[in-house]
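Residue numbers (our numbering), protein chains in the order written: chain W, 982 to 1287; chain V, 2 to 389.
Simulated from the structure, these hints should not be mistaken for lab results.
Source: prediction; values computed, not measured.
For every residue, glycine included, the Cβ atom is placed at its ideal position computed from N, Cα and C.
Check before you lean on any hint, since a few could be wrong.
Restraint-style ranges between C-beta atoms, simulated for each label pair [stated by the list, open to error]:
1. V:D214 to W:I1113: 23 to 31 Å
2. W:L1245 to V:K158: 48 to 56 Å
3. W:D1251 to V:K387: 28 to 36 Å
Think about it this way: if two alpha-carbon atoms lie no more than 25 Å apart in a straight line, the pair counts; the simulated BS3-like pairs of lysine-lysine are [said to hold, decoys possible]:
4. V:K27 to V:K212
5. V:K158 to V:K199
6. V:K239 to V:K156
7. W:K1247 to V:K178
8. W:K1247 to V:K162
9. V:K195 to W:K1247
10. V:K199 to V:K156
11. V:K288 to W:K1247
12. V:K158 to V:K75
13. W:K1093 to V:K78
14. W:K1093 to V:K289
15. V:K174 to V:K156
16. V:K50 to W:K1093
17. W:K1093 to V:K131
18. V:K181 to W:K1247
19. V:K199 to V:K212
20. V:K158 to V:K131
21. V:K78 to W:K1247
22. V:K162 to V:K131
23. V:K131 to W:K1247
24. V:K75 to W:K1093
25. V:K78 to V:K110
26. V:K131 to V:K156
27. V:K187 to V:K162
28. V:K343 to V:K332
29. W:K1093 to V:K288
30. W:K1247 to V:K174
31. V:K174 to V:K162
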Amino acid sequence: MYLLLFCQQFLNGLQFGVMLFLMASGLTLIFGIMDLINLAHGSLFMVGAYLCATVFQQTGSFMLGLLVALPGTALVGIVVEIFTLRTLYARDHLDQVLATFGLILFFNELTKIIWGPRALFLDVPEALSGTIEIIPGAPYPTFRLAIIVVGIIVAIFLYFLITRTRLGMLIRASATNREIVGALGVNVKLLYTLIFGLGALLAGLAGAMAGPLFAVEVGMGEDILILTFVVIVIGGIGSIRGALVGAILVGLIDTLGRAFLPALFKLFLDPATADGVGASLDSMAIYILMAVVLAWKPRGLLPAHE
Amino acid sequence: MMKRLLILLTATLFLTASWALAGPVKIGMITTLSGGGSALGIAVRDGFKLAIDQEGGKLGGYPVQLMVDDDSRKPDKAKQISDRFIKKDNVDIMTGIIWSNLAITVVPKAVRTGVFYISPNAGPSLLAGKGCHENYFNVAWQNDNLDEAMGQYVKDKNFKKVFLLAPNYPAGKDHLKGFKRFYTGKPIAEVYTKLGQKDYAAQIAAIRSAKPDAVFFFLPGGMGISFIKQYNQAGLTKEIPLFGPAFSFDQTILSAVGNAALGVMNSSQWNKDIDNPANKKFVADFKKAYRRLPSLYASQGYDAARLIASAIKAVGGDMSKKDAFRKALRKADFDSVRGNFKFGPNHHPVQDIYIREVVEEDGVLTNRIVTKAFADHSDAYVGQCKMK
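Whole structure, please, built from the sequences with the hints as guidance.
Structure, rendered in structure tokens:
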């Protein structure tokens, strides 16, 4: 009985971790390679979800929505990079935080002007709407499994992109020393725009995949953004592998903590106190994890270049 | 000489009096227009404005000036706006706050300065009980009311194993307390989640393994949208029925939840199909003005304005007659869109509360009244209110 519940919760944690990875991979590329703190990454997540939901409402097709949302979000990202972020690379992190925080406000208001203040509806595609008994006796939503599959595909794709392609080589090189890469005749400006576009595309993918699960509403990317920063700090800034490990770790700890901490405290506290303590501790769990990891490995679990 | 002075004095008095009469009644509205939860504030504002527009810029036959400002759901910002309304704009009446934590920050201080506050939504237990005030009126409900109705209904329907779910913050605990006040059985589990949580997979798995025969939840705004969608995706909607207060099944939210909400029972003091002339006029005029169905919040904003109108009319637009104005508010001499309405001794509604079902009408999801859970229902805190 408990084993069955544990397996379900483990799967839930894994799925949440994969969702975080989709966000974190883009953010870690931008943060690690371009040295830009982009608070507006959550806004790109929101843009992805809104674009997908809009196309879904017009056509009734989630896949079509996804096909529009991915390039659409990448395009929004590229435009933002060219017009606002380019000037910020040379500035220090505080300026970047201020400017990208401004972008959050800008995107929230713009979204409200275009789509109105009400949440939009986005449903799972028909083919993925059922449940599968992957663990006997515990039907699991097919769409959540699909998210895990998409996450794995993205992880493999990024691994090949970074280690096996010329673009990946340039990305790695400019992470190490962007001046030398520039001096060798590579158009670093264009490269950065491409990286930012890729990051935006991944955020848009995460947003579109999250849309059927969560409320598609203004400000939906902000909660997940904080978790995403925790993930990349734990994993090691700039490291895709680190983002994967960090995301799965945070996803599992967050979900399992939520599921089992109150029950654990009930063993030696009265139920009301146990619920309170459990709920409070589970909100802290991932931050405690972050503190422990940073104390042990100040540069994260798998830093990009040691 | 004496006579001339007297004439002068009367003239001055008359002048000041007529000057006071000539100015519009100033109403300050603090509500949430941006960020999460803005749909609620916008609905309240639109409902309130509709009542003013119906009279061509007047309420109760006297001109009013409505000032609206956005609190972004932040207590400190709400407090700033309130200070400005009171000190700089000299408002007579304030209204609009959606969230209980903002109301507790702003209202007690505001009403002590002599301003009237009419709450169109938030009804924290503090302001209904120990912290009640002669200048504070709530035209919507006390927070626990809707949950109490649902508790009664779930008990009457003989559900034995109920699973409770709410966010871990004061209002969440209040709402579950309200449910338990009338659902006298012992719930099999009472789970509090993080405020603002989006992913309910862990709780849904816990529900599945606990095998309850009903789930009662209070998750306002986006939290409820996420929960209902995920609950449906897990295939549980058909197995274990959901129950909740109207907030997660309001007109502003249903379109985002989709068919997952179909058939869910929820409790409310208002619905668009309540049969009375005031409600018919409200629904028709709202649809005409804003081209959408009115929500619960819009009905509350509208009733707040209609209540104010009745009291302005009673004092002839003269807001210096505070005692008369208060007396007129207490009488609640207006046709509420929900039908029966009067104030209890703590200035909170005594009203009927209904059980509604989510249905589809002309391709749009909306609610239909199934039964009346309570008639002339008051709140549990009225005894604690010692009003002067």
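Structure-based check of each hint:
With their beta carbons about 25 Å apart, V:D214 and W:I1113 fall inside the hinted range of 23 to 31 Å. Between W:L1245 and V:K158 the beta carbons are some 34 Å apart, a value that contradicts the proposed interval 48 to 56 Å. Between W:D1251 and V:K387 the beta carbons are some 34 Å apart, a value that agrees with the proposed interval 28 to 36 Å. Between the alpha carbons of V:K27 and V:K212 the distance comes to roughly 55 Å, so the proposed pair goes past 25 Å and is violated.
At roughly 31 Å between alpha-carbon atoms, V:K158 and V:K199 are farther apart than 25 Å, so this suggested pair is violated. For the hint linking V:K239 to V:K156, the alpha-carbon distance of about 20 Å falls within 25 Å, and the restraint holds. With a C-alpha separation of about 21 Å, the suggested pairing of W:K1247 with V:K178 holds against the 25 Å cut-off. The suggested pairing of W:K1247 with V:K162 holds, with an alpha-carbon distance near 20 Å, which does not exceed 25 Å.
Of the supplied pair hints, the one linking V:K195 and W:K1247 holds, its CA atoms being roughly 18 Å apart against a limit of 25 Å. Distance hint between V:K199 and V:K156 is unfulfilled; the C-alpha atoms sit about 30 Å from each other, more than 25 Å. Distance restraint check for V:K288 and W:K1247: the Cα-Cα separation of roughly 52 Å exceeds the 25 Å cut-off, and the hinted pair is therefore not satisfied. Between V:K158 and V:K75, the direct Cα distance comes to roughly 40 Å. Violation of the 25 Å bound is thereby established for this hinted pair.
A distance of roughly 20 Å separates the Cα atoms of W:K1093 and V:K78; the hinted pair therefore holds under the 25 Å criterion. With a C-alpha separation of about 22 Å, the suggested pairing of W:K1093 with V:K289 holds against the 25 Å cut-off. For the given pair, V:K174 sits about 20 Å from V:K156 by alpha-carbon distance, which is consistent with the 25 Å threshold. Restraint check: the Cα-Cα separation between V:K50 and W:K1093 comes to about 20 Å, which is no more than 25 Å; the hinted pair holds.
Annotation: proposed proximity of W:K1093 to V:K131 is violated, straight-line Cα distance about 39 Å (limit 25 Å). Restraint check: the Cα-Cα separation between V:K181 and W:K1247 comes to about 21 Å, which is no more than 25 Å; the hinted pair holds. Restraint check for V:K199 and V:K212: the C-alpha separation of about 23 Å stays at or below 25 Å, so the hint holds. Among the hinted pairs, V:K158 with V:K131 is inconsistent with the structure: their alpha-carbon atoms are about 34 Å apart, more than 25 Å.
At most 25 Å may separate the alpha-carbon atoms for a hinted pair to count; V:K78 and W:K1247 exceed this at roughly 40 Å. Taking the CA atoms of V:K162 and V:K131, the gap is near 34 Å; set against the 25 Å cutoff, the hint is violated. Restraint check for V:K131 and W:K1247: not satisfied, since their Cα atoms lie roughly 34 Å apart, outside the 25 Å limit. Of the supplied pair hints, the one linking V:K75 and W:K1093 holds, its CA atoms being roughly 18 Å apart against a limit of 25 Å.
A distance of roughly 15 Å separates the Cα atoms of V:K78 and V:K110; the hinted pair therefore holds under the 25 Å criterion. Taking the CA atoms of V:K131 and V:K156, the gap is about 30 Å. The hint is violated against a cut of 25 Å. Between V:K187 and V:K162 the alpha-carbon distance is near 8 Å, which keeps this suggested pair within the 25 Å criterion. With a CA separation close to 7 Å, the supplied pair V:K343 and V:K332 stays within the 25 Å bound.
About 21 Å separates the Cα atoms of W:K1093 and V:K288, which keeps this hinted pair within 25 Å; it holds. Only pairs whose Cα atoms come within 25 Å are accepted, and W:K1247 paired with V:K174 is accepted, the gap being roughly 19 Å. Restraint check: the Cα-Cα separation between V:K174 and V:K162 comes to about 19 Å, which is no more than 25 Å; the hinted pair holds.
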